[in-house]
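What follows is each chain in one-letter form.
Number of protein chains: 2
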Amino acid sequence: MSELFNFDLEKTDGNARAGSFDTPHGHIHTPIFAPVGTQATVKAVTPAQLEEIGASLILANTYHLYLRPGEELIASFSGLHQFMNWNKPILTDSGGFQVFSLAGTRQVDDDGVNFKSHIDGSIHRFTPEKSIKIQEALGADIIMAFDECAEPKDRNYSQVAMSRTHRWLERCISTKTRSDQALFGIVQGGIFPDLRKQSAEFISKLNLPGNAIGGLSVGESKKDMHGMIEAVNAILPVDKPRYLMGVGSPEDLINGIWRGVDIFDCVLPTRLARHNAAFTPFGRINLTNTGNSSEHSPIDESCSCYTCSHFSKAYLRHLIVAKEILASTLVSIHNLNFLLQLTLQARNAVLDNRYDAFAHEFLENWHEKTENNLEVKGFE
Amino acid sequence: MSELFNFDLEKTDGNARAGSFDTPHGHIHTPIFAPVGTQATVKAVTPAQLEEIGASLILANTYHLYLRPGEELIASFSGLHQFMNWNKPILTDSGGFQVFSLAGTRQVDDDGVNFKSHIDGSIHRFTPEKSIKIQEALGADIIMAFDECAEPKDRNYSQVAMSRTHRWLERCISTKTRSDQALFGIVQGGIFPDLRKQSAEFISKLNLPGNAIGGLSVGESKKDMHGMIEAVNAILPVDKPRYLMGVGSPEDLINGIWRGVDIFDCVLPTRLARHNAAFTPFGRINLTNTGNSSEHSPIDESCSCYTCSHFSKAYLRHLIVAKEILASTLVSIHNLNFLLQLTLQARNAVLDNRYDAFAHEFLENWHEKTENNLEVKGFE
Chain A
30 MSELFNFDLE KTDGNARAGS FDTPHGHIHT PIFAPVGTQA TVKAVTPAQL EEIGASLILA
90 NTYHLYLRPG EELIASFSGL HQFMNWNKPI LTDSGGFQVF SLAGTRQVDD DGVNFKSHID
150 GSIHRFTPEK SIKIQEALGA DIIMAFDECA EPKDRNYSQV AMSRTHRWLE RCISTKTRSD
210 QALFGIVQGG IFPDLRKQSA EFISKLNLPG NAIGGLSVGE SKKDMHGMIE AVNAILPVDK
270 PRYLMGVGSP EDLINGIWRG VDIFDCVLPT RLARHNAAFT PFGRINLTNT GNSSEHSPID
330 ESCSCYTCSH FSKAYLRHLI VAKEILASTL VSIHNLNFLL QLTLQARNAV LDNRYDAFAH
390 EFLENWHEKT ENNLEVKGFE
Chain B
30 MSELFNFDLE KTDGNARAGS FDTPHGHIHT PIFAPVGTQA TVKAVTPAQL EEIGASLILA
90 NTYHLYLRPG EELIASFSGL HQFMNWNKPI LTDSGGFQVF SLAGTRQVDD DGVNFKSHID
150 GSIHRFTPEK SIKIQEALGA DIIMAFDECA EPKDRNYSQV AMSRTHRWLE RCISTKTRSD
210 QALFGIVQGG IFPDLRKQSA EFISKLNLPG NAIGGLSVGE SKKDMHGMIE AVNAILPVDK
270 PRYLMGVGSP EDLINGIWRG VDIFDCVLPT RLARHNAAFT PFGRINLTNT GNSSEHSPID
330 ESCSCYTCSH FSKAYLRHLI VAKEILASTL VSIHNLNFLL QLTLQARNAV LDNRYDAFAH
390 EFLENWHEKT ENNLEVKGFE
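Top line first, the protein sequences correspond to chains A and B. Letter by letter, the first sequence follows residues 30 to 409 in my numbering. Letter by letter, the second sequence follows residues 30 to 409 in my numbering.
Just so you know, these hints were derived from the structure itself, not from any lab. You may find that some hints are simply not true.
Because identical chains share one entry, a pair is satisfied inside a single copy or across any pair of copies.
[What the hints assert, rightly or not] Pairs of lysine-lysine, DSSO-like flavour, derived with a Cα cap of 30 Å:
#, residue 1, residue 2
1, LYS352, LYS145
2, LYS352, LYS159
3, LYS234, LYS159
4, LYS252, LYS182
5, LYS352, LYS162
6, LYS159, LYS252
7, LYS117, LYS352
8, LYS117, LYS205
9, LYS226, LYS159
In this text the structure is predicted, and so the values were computed from the model without any measurement.
My request is simple: use the sequences and hints to build the entire structure.
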């Protein structure tokens with residue numbers, strides 16, 4: 030492991046951690062939330078707007094970018110940073126999760142996965158080697174091992190998928206050639222503590238620059254999610270960053286940090302924004318509610334983002350009702366800013382030794398008024 | 030007329046003019062292009078992005094805002110400036126054009142127009158008095174007289190509509206109460222020089238703070254459009270700004286300025302952007318053309334807008350093909366910037382006494398390579 034990807038664990042407060050991770054495109058201060066730019070764009074938001082809200086690490090997807098526009102094109106721009114104009118750290122997912130969640134009919138064998146493109150039904154094959162080669166062409170700072178995502182409640186499948194994920198990780202490590210990219214391994218094992226422990230032990234031994242927890246937030250209970258994070262983080266090395274993949278509701282961030290997670294990503298803030306839902310310290314609100322139709326106040330009086338500094342709920346609701354694109358942009362800016370500020374506040378709470386109080390206060394406010402009338406499906 | 034709406038004619042060069050118009054929200058330097066914010070948003074662009082490209086005057090639509098969200102809501106924000114967060118000059122169209130072009134079945138009489146909402150089919154009535162009252166509630170700096178837009182090639186209808194527009198203008202003037210809004214009259218008369226002259230003479234006598242030319246760019250030939258502008262501008266007072274309504278292709282701007290027009294507005298730059306077409310000095314290009322799929326250069330090498338400074342044609346084409354909202358935003362920024370820069374260059378050419386050479390050079394480049402494969406219909 031190169032010094033480049035050094036993780037400096039600045040402070041712990043209980044299991045919560047504050048740290049700093051070096052990448053070729055700058056430091057990542059943890060805990061951190063990474064906005065998702067699936068197709069090399071964080072949906073409806075410009076890089077300048079992302080920078081304005083203090084985004085640092087962002088995520089892009091190997092599966093999507095391989096299918097469209099193809100990794101060769103992005104490599105011709107020396108990678109994603111130049112292609113999408115993001116000069117800060119980027120992480121690419123390996124395509125494992127998407128192959129198992131988005132693609133059509135698939136066939137898994139020990140060597141890899143055949144799958145059908147969700148775009149045009151064409152047939153493709155990913156192997157650990159192929160995933161790493163694509164990710165090297167995409168050129169992100171952090172790349173992910175190719176993993177198999179099982180049904181989390183199916184013990185037999187979880188065990189098979191975990192073992193395959195471990196063998197695939199070894200092949201990813203052998204394939205990797207670039208020293209300016211950090212490869213993170215992924216812990217699998219469904220909702221079974223013994224499998225999770227076994228997987229965490231396996232991955233820990235490989236001494237990778239960072240470790241991820243995969244296969245959560247896919248339908249299991251919050252109790253199971255928390256239990257798995259606790260089981261895994263009891264084993265993962267403390268001197269490496271821990272990335273909880275695909276997790277990103279405000280309460281999940283708070284609970285994850287409490288249990289020692291450093292990095293999060295999720296499509297939730299931007300997807301909710303395009304479905305007219307906004308985060309407030311008291312829970313999500315649905316901007317289309319008629320109660321907002323003449324409301325002069327912003328989404329969140331305590332928020333200093335561009336949207337809350339300049340626009341009322343009545344104006345945002347008008348944009349939504351009139352089907353104006355600007356609604357998606359403005360609400361995405363707010364929701365992303367909300368999670369970025371939340372992780373920043375969490376970091377400060379850890380540094381000040383008051384994370385417990387911070388987390389309790391946040392969760393008490395949050396659960397009180399959450400509007401549960403929002404169902405957001407589909408993928409980003 | 031208040032000193033507030035003073036027009037300072039700084040320089041003429043042939044018939045081309047450079048001037049400055051005072052409004053409660055600042056000076057407008059002419060010639061100027063006004064981006065259109067039909068529903069109180071310039072589509073897909075934030076006010077901050079508009080400011081960055083140097084937009085000053087923007088337009089909003091009485092017809093749309095009356096129907097949704099209603100002028101009372103906007104009045105509760107002290108008007109459009111605060112509602113949509115635009116602290117520079119705003120102009121509202123009267124609803125006349127939209128009632129005749131967008132609304133369903135309509136009945137015109139000397140008193141006003143009954144029309145069906147294009148949103149829900151509900152029945153409404155606009156009169157000159159109603160249009161002015163709505164525009165006073167919306168609170169723009171420049172408001173427009175309520176006019177009747179005839180089929181431009183139908184002489185009888187053009188004459189009837191022109192006479193009615195004149196009588197309605199007198200009623201608009203009587204109704205108007207706010208001294209912080211400038212009311213512009215509208216010259217009608219189809220493609221008939223004698224009617225246009227008659228209309229321009231009528232409007233000129235009323236000594237309004239500005240005058241507009243309506244009913245053009247609606248299907249007539251370029252020759253007819255230019256002839257009408259010449260006929261009208263030979264009569265309209267030189268010490269008042271002249272606004273050519275709904276006109277806004279680059280070549281139309283150049284030709285309009287050549288013939289003494291000061292203000293333009295059009296949905297074209299943003300509508301084209303959402304249909305993947307971008308302005309260059311050599312004509313429109315269609316970004317979806319496969320030739321752009323691996324093109325590292327920006328839309329226009331000579332352009333300094335955010336889009337051209339940071340993104341390649343290959344990236345923009347990828348966003349378009351992947352149906353990403355960001356494409357609309359980035360191409361809209363470029364197209365708006367193109368027209369704003371074009372009017373700024375035209376203004377400098379007038380100030381330097383070289384407008385003829387400037388216009389000839391632009392038009393020679395422009396016509397050479399225009400891609401005519403774009404049909405953009407519908408309304409904004």
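Hint check results:
1. LYS352 x LYS145: between (33 Å within a copy, 20 Å between copies)
2. LYS352 x LYS159: between (41 Å within a copy, 26 Å between copies)
3. LYS234 x LYS159: within (24 Å within a copy, 77 Å between copies)
4. LYS252 x LYS182: Within one copy only: 13 Å inside, 73 Å across.
5. LYS352 x LYS162: Classified as between; 26 Å across copies, 41 Å inside a copy.
6. LYS159 x LYS252: Result: close neither inside a copy nor across copies, 36 Å intra and 61 Å inter.
7. LYS117 x LYS352: Intra 33 Å, inter 25 Å, cutoff 30 Å: inter-copy only.
8. LYS117 x LYS205: within (22 Å within a copy, 55 Å between copies)
9. LYS226 x LYS159: within (28 Å within a copy, 73 Å between copies)
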